[in-house]
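In order, the protein sequences belong to chains A and B.
According to the numbering used here, the stretch in the first sequence is residues 106 to 434, in order.
According to the numbering used here, the stretch in the second sequence is residues 106 to 434, in order.
The hints are all genuine.
Identical copies go unnamed one by one, so any copy, or any two together, can satisfy a pair.
In silico SDA-like pairs for lysine to any residue, Cα to Cα no more than 25 Å straight-line:
1. K344 x D208
2. K206 x M191
3. K206 x D192
4. K206 x R193
5. K206 x F260
6. K149 x A138
7. K344 x I132
8. K344 x E135
9. K149 x F331
10. K344 x P133
11. K344 x E134
12. K333 x R197
13. K206 x M258
14. K206 x D188
15. K343 x P133
16. K206 x C262
17. K343 x D359
18. K343 x W207
19. K343 x E270
20. K343 x E134
21. K344 x D319
22. K343 x V392
None of these hints come from the bench; they were simulated from the model.
Protein chains: 2
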Amino acid sequence: MPTLRTSSELLVQIEQALHAQGYATCIPEELYAPIHYTLELGGKRVRPLLCLLSAQLFSADIRPALPMAVALEVFHNFTLLHDDLMDRSPLRRGQPTVYRKWDENTAVLSGDVMSIEAYRALEGIASAELLYRVFPIFNQMAVDICRGQQYDMLFECREDVSTDEYLEMIRLKTAVLLGASMRLGALASGASAEDAERLDEVGQRLGLAFQIQDDYLDVYGDEATFGKPIGGDIMNAKKTLMLLYTREQLEARDLVELDRLMTLGQEHRQERIQGVTALYDKAGAPVYARAQITRLTQEALGILGALSLEPERTAPLVELFDSLASRMS
Amino acid sequence: MPTLRTSSELLVQIEQALHAQGYATCIPEELYAPIHYTLELGGKRVRPLLCLLSAQLFSADIRPALPMAVALEVFHNFTLLHDDLMDRSPLRRGQPTVYRKWDENTAVLSGDVMSIEAYRALEGIASAELLYRVFPIFNQMAVDICRGQQYDMLFECREDVSTDEYLEMIRLKTAVLLGASMRLGALASGASAEDAERLDEVGQRLGLAFQIQDDYLDVYGDEATFGKPIGGDIMNAKKTLMLLYTREQLEARDLVELDRLMTLGQEHRQERIQGVTALYDKAGAPVYARAQITRLTQEALGILGALSLEPERTAPLVELFDSLASRMS
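Construct all of the structure, not just a fragment, from the sequences and the given hints.
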């Protein structure tokens with residue numbers, strides 16, 4: 106078997122490929138500077154990495170997958186750019202968001218061209234047949250993300266969101282992109298449509314598990330390793346899986362107390378966070394969340410294992426799942 | 106030669122194809138209702154019509170061109186939706202714009218998904234080879250329109266825009282889409298890359314001529330046939346080819362007078378419009394504009410004629426150019 110690249114080596118290739126797009130020098134500068142800025146904010150490049158790791162499952166030559174890897178990362182960052190505008194988020198990775206650093210119109214139009222640049226990256230696909238297979242998958246993923254964002258915004262105004270509705274929302278908003286990343290990488294390396302679809306399932310479960318873990322760690326995480334203050338979601342009244350599950354499980358009296366706690370302001374921050382956490386505990390929300398994460402991770406590993414690939418090839422992906430699990434302990 | 110369809114017959118097919126996309130019933134409704142609304146506002150469907158007429162130049166079977174026709178119209182309407190948001194336009198075709206009828210976030214997100222739906226329409230292309238040829242052309246057109254809109258917004262804050270800069274801006278913002286419409290229609294019917302590129306040139310010249318004509322008629326048109334009050338652009342201080350040409354031609358003293366007139370408010374509407382028009386006349390702006398329209402139309406007809414197609418096939422396109430000319434008289 107030819108030598109496979111490590112995740113760190115692949116990340117170097119991803120950065121090179123992103124730079125090769127040349128957004129820093131495209132004109133008009135006013136349109137492209139925010140694109141360059143957004144991509145330079147960094148991020149873990151999880152999506153292109155998943156794409157290339159999935160490509161390596163079937164071929165040591167990851168070059169055919171690079172156009173997809175770039176397109177996925179550019180599209181992901183486009184959604185962040187427009188989401189920040191719609192959510193009025195002032196900061197992204199500690200830096201001003203585009204609509205704050207520039208203005209709203211710049212955020213709209215730079216985002217628009219960024220989504221098209223994602224498509225343009227797919228022009229690097231070397232064969233007509235491959236583009237023809239990839240194109241509808243990319244489109245469906247792109248539409249699903251918008252649908253997920255719409256449900257997310259709609260849910261903000263609703264108090265009766267069920268856990269099932271929430272899970273479908275985060276599946277659309279975040280998980281399908283991880284699924285598509287793995288699927289497209291596999292297709293680039295000549296995987297069968299069936300194998301690629303199975304990897305899509307793996308990526309979607311991984312994406313759901315990641316999101317639930319984020320919700321979980323925001324309440325039960327270690328502040329030092331989590332990187333932000335614990336309880337932020339509770340203070341922002343963010344609809345997380347934990348909150349929605351708790352609403353589904355608690356009796357009327359506890360729900361009244363939950364509603365009271367959620368109205369407490371910043372001056373009663375500790376009471377609000379501790380009180381809500383106690384109700385989460387009473388409802389069994391952390392146990393439920395951990396069980397979901399374990400189930401999704403096990404399912405993902407099961408599907409991956411059933412593909413009968415050499416363990417050397419799947420090792421980096423399994424490592425990624427393990428790093429997920431280790432954050433929980 | 107098999108019977109060719111008339112423009113009216115083609116327009117029926119365009120409406121059918123647009124309806125077949127099913128946006129009226131897509132979910133979440135909050136995301137797709139603005140798309141359906143925007144497309145239902147009507148419009149002359151010039152781009153899909155040009156696409157199908159160009160397809161008919163090379164084949165009587167226009168079905169392969171329908172996915173492009175739909176994609177072009179959906180993409181065009183996406184740009185209108187986001188432009189209305191960025192320009193804060195309250196009305197479009199006499200109806201409230203999306204950001205006014207719903208809200209800004211709806212306009213952002215519905216527009217986003219609308220641009221992706223344009224790409225999704227291209228999935229109807231029946232062969233991988235054709236998609237592979239069409240894809241980079243569509244992408245380039247889409248990027249160019251965004252670049253044109255950016256220049257348009259940048260020019261609003263600049264007093265020294267040249268006529269050349271203006272012509273390049275409207276080429277990007279409006280003409281490339283007409284060019285791409287003709288080019289993609291031709292490719293769908295099996296035209297050579299060279300013939301398709303020539304039709305792109307035809308479409309771009311037509312687009313430029315249309316835009317200059319709009320500028321011209323806003324000042325020198327007949328209010329009854331133009332459909333809106335004469336002088337609107339002058340009252341809105343819109344940078345038109347006429348205004349920019351006049352600025353380039355006039356001497357300092359006249360420029361001072363032009364600036365004074367352009368500060369007059371609604372209560373001096375007549376003085377402002379008549380005064381500015383007199384300066385346009387003095388600068389020779391209407392003669393210049395008509396000469397540009399004539400030159401562009403002649404060039405377009407020349408390129409079309411050089412393709413050596415049967416006159417029956419080119420007749421509907423020539424008719425379209427004639428209708429352009431007749432609006433001028």
